[in-house]
Amino acid sequence: MLTINLFNGLVYGALLIIMCSGLALIYGLRRVVNFAHGSLYMLGAYIGYSIAGYSNFWVALVAAPAIMAILGVLLDRYGFRLLQDRDPLSVVLVTFGLLLVIEDFVLTVWGKSNYSMSVPAALNMTIDLAGTSVPAYRIAVIAMGALVAISLSLWLRNSKIGLFVRAASTDPTTTAMQGVNTDALSAGVVGLGTALAGLAGVVAAPFLSLSPSMSSDVIIDSFVVVVIGGLGSLAGAFIAAMVLGMIQALGAVYLPDAAALLPFALMVAILIWKPAGFAGSRT
Amino acid sequence: MSIQRTSITTVVALAVGVAVALGVGSNNVLSLLTQAVIYAVFAIGVGLLLRQNGMVSFGHALYFGFSGYLVGILLQLKVMPAEAAIVVTLLAVTLMAFVMGLVIVRVPGVAFGMLTLAIGQMFFLTASRSRGLTGGADGMSIEWPDTLFGVAQSQLLKPSAMFLICWVTLIVVLLLLTLLLGTRFGSITEAVRDNEERARFIGIQTLLPRAAIYALSATVTGVAGLLSALNTGFVSPENLHWSLSGVALMMVVVGGNKVLWGPALGAVVYFFAKDILGSYANHWMAIFGIALISVIVFSPSGIAGALAKLVRGQGAPGALARILRH
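Residue numbers (our numbering), protein chains in the order written: chain D, 1 to 283; chain E, 284 to 609.
It is worth saying that the hints were derived from the structure and are not from the lab.
Predicted, not measured: the structure shown is a model, and the values here were computed from it.
There could be a bad hint or two in this list.
Chain D stretches covered by chain E per the calculated footprint, using a threshold of three residues with CB under 8 angstroms from any CB of chain E [what the hints assert, rightly or not]:
{"id": "1", "segment": "53-64"}
{"id": "2", "segment": "92-101"}
{"id": "3", "segment": "270-277"}
In silico contact screen, one side only, chain D against chain E (beta carbon under 7 angstroms); selected entries [claimed, not checked]:
{"id": "4", "residue": "LEU6"}
{"id": "5", "residue": "LEU10"}
{"id": "6", "residue": "PRO88"}
{"id": "7", "residue": "ILE220"}
{"id": "8", "residue": "PHE223"}
{"id": "9", "residue": "VAL227"}
We put the CB at the ideal spot given by N, CA and C, even for glycine.
Full structure from sequences and hints, please.
Next up, the structure:
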């Protein structure tokens, strides 16, 4: 019993890692908290669902994030770049307006009914894990979360573009003066962040159902994660995502009445201790 | 604003309310106006926080729904008369927001907005799931007694009376806020908003005034929640949902936040726009989303700001020219 709950916590944590790394990347470069991130996740999931209907899951897993990446680049070019001198709160409100537009778009195109996406055949089995049988697909979700976390960390730490991204997150003006094209860099990073939201959507679709409320559920948890972890800190977000995933999974079983309040309690405790989050203050 | 101008404005505003209540015959228009006025009070609460603290709350529906639920539960338990339940509810909302404010107003900038959203949504989930106390997702009806403050319920629920109650509440809230913000407390909160560090240097304790403004904005929103509970006799998790907080914030931005009544204007515009849209109302989210983006991009001070500019003689052409030059 405990094994399966811990396992489900890992699965949800992995999904949050994919979501929150996108949020943290966009915040790092553009200082924008993207309220539409949850809606982009939902849009990615629905697009993935439609693509999987025409072909299969694996095509959707690649194509939906690619479409979202293009959307992200456009969002940066015609949104965030034009608004970069504005008060951060107005930019947040713009992303809130965008959220409303995307939600309406999804409702108009796909309607209010719930959909479920079938698990790809290759992963449609159970695997025995320490005496408990678990769906193979969920193991793949954990692997995907780990893959995203590790490859992002290595990319940021070791590649030249990763160095530029870290520099621009710390001080965009000086970085631009050194000859880095920060506008192109930002467009790329916002594209990547949006693609990650779409990827999270496609990955989530076979084990969470697709519904118009899927965006608000996950964006709330993502916000808790990035606030606890410290805005813009990838490592903080990774740790906080795992902690929150565990708390959600264990709370739902052992404290079902208070499960919704547990992340809130954790967040308040962390913020009393450290108002900028436990890995915060890098901004 | 001088005392004289304030009192004249108050009297005129009250007279306008009476004239509307007596003059508008259509019950549909009156109930639309009543709704607009209730949300105007809600939006003033959200706007107050932004205006005095410079903080954006994405979770004020928490206080709107919470006050409705609390008064409903108090009336259901029959532990006190309805009048006392109203007072207790407002005190409880204020106290809860003040304690919460002490923790969350320390969180800087945008993270504060994300926190308020998360907290509000957790209350939404709790209210939707705990069927025993709140009726779960179905909501609960509020059992108002036959007479409230000595007035029979049947009199109270007439559209014109209901509108007048809400309108007078709106004017009283605006009046009290105007008076309060004219005092030293108002100046302190503005100093803290503009530069917290400097305010600390000149010896101002900065946490308490910010938490106090947060609590006050929650109280105002709680008043709106009570009005809504009286108007509809019903409260459901929808009253706590983040989309409602978003709508209130939209009213603040669209109406403008430089003056206290800006958000109220936004609320009226919102309800009439929604009514006029009629058959397109299914797409109101997209329409208001685009409206929100346009206002922020082209007229950051909102409708009230644009009106003030017009009055001062820097009309729209000037504003347009400035945008075109950029």
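Comparing the hints with the structure gives:
With 0 residues having a Cβ less than 8 angstroms from any Cβ of chain E, the segment 53-64 of chain D misses the three-residue criterion, and the hint is violated. Using a Cβ-Cβ cut-off of 8 angstroms, 9 residues of the segment 92-101 of chain D lie near chain E, which meets the minimum of three, so the contact claim holds. Counting residues of the segment 270-277 of chain D whose CB lies closer than 8 angstroms to any CB of chain E gives 5, so the stated coverage by that chain holds, three being the minimum. Annotation: interface hint on D/LEU6 violated; nearest CB of chain E at approximately 23 angstroms, more than 7 angstroms.
Annotation: interface hint on D/LEU10 violated; nearest CB of chain E at approximately 22 angstroms, more than 7 angstroms. Given hint, D/PRO88 at the interface with chain E, holds; its Cβ is 6 angstroms from that chain's nearest Cβ, closer than 7 angstroms. This hint holds: D/ILE220 has a C-beta 5 angstroms from the nearest C-beta of chain E, less than the 7 angstroms allowed. With a cut of 7 angstroms, the hint placing D/PHE223 at the interface with chain E holds, because the nearest CB-to-CB distance is about 4 angstroms.
About 5 angstroms separates the beta-carbon of D/VAL227 from the nearest beta-carbon of chain E, less than 7 angstroms, and the hint is met.
Hints 1, 4, 5 from the earlier list are contradicted by this structure; the remaining hints agree with it.
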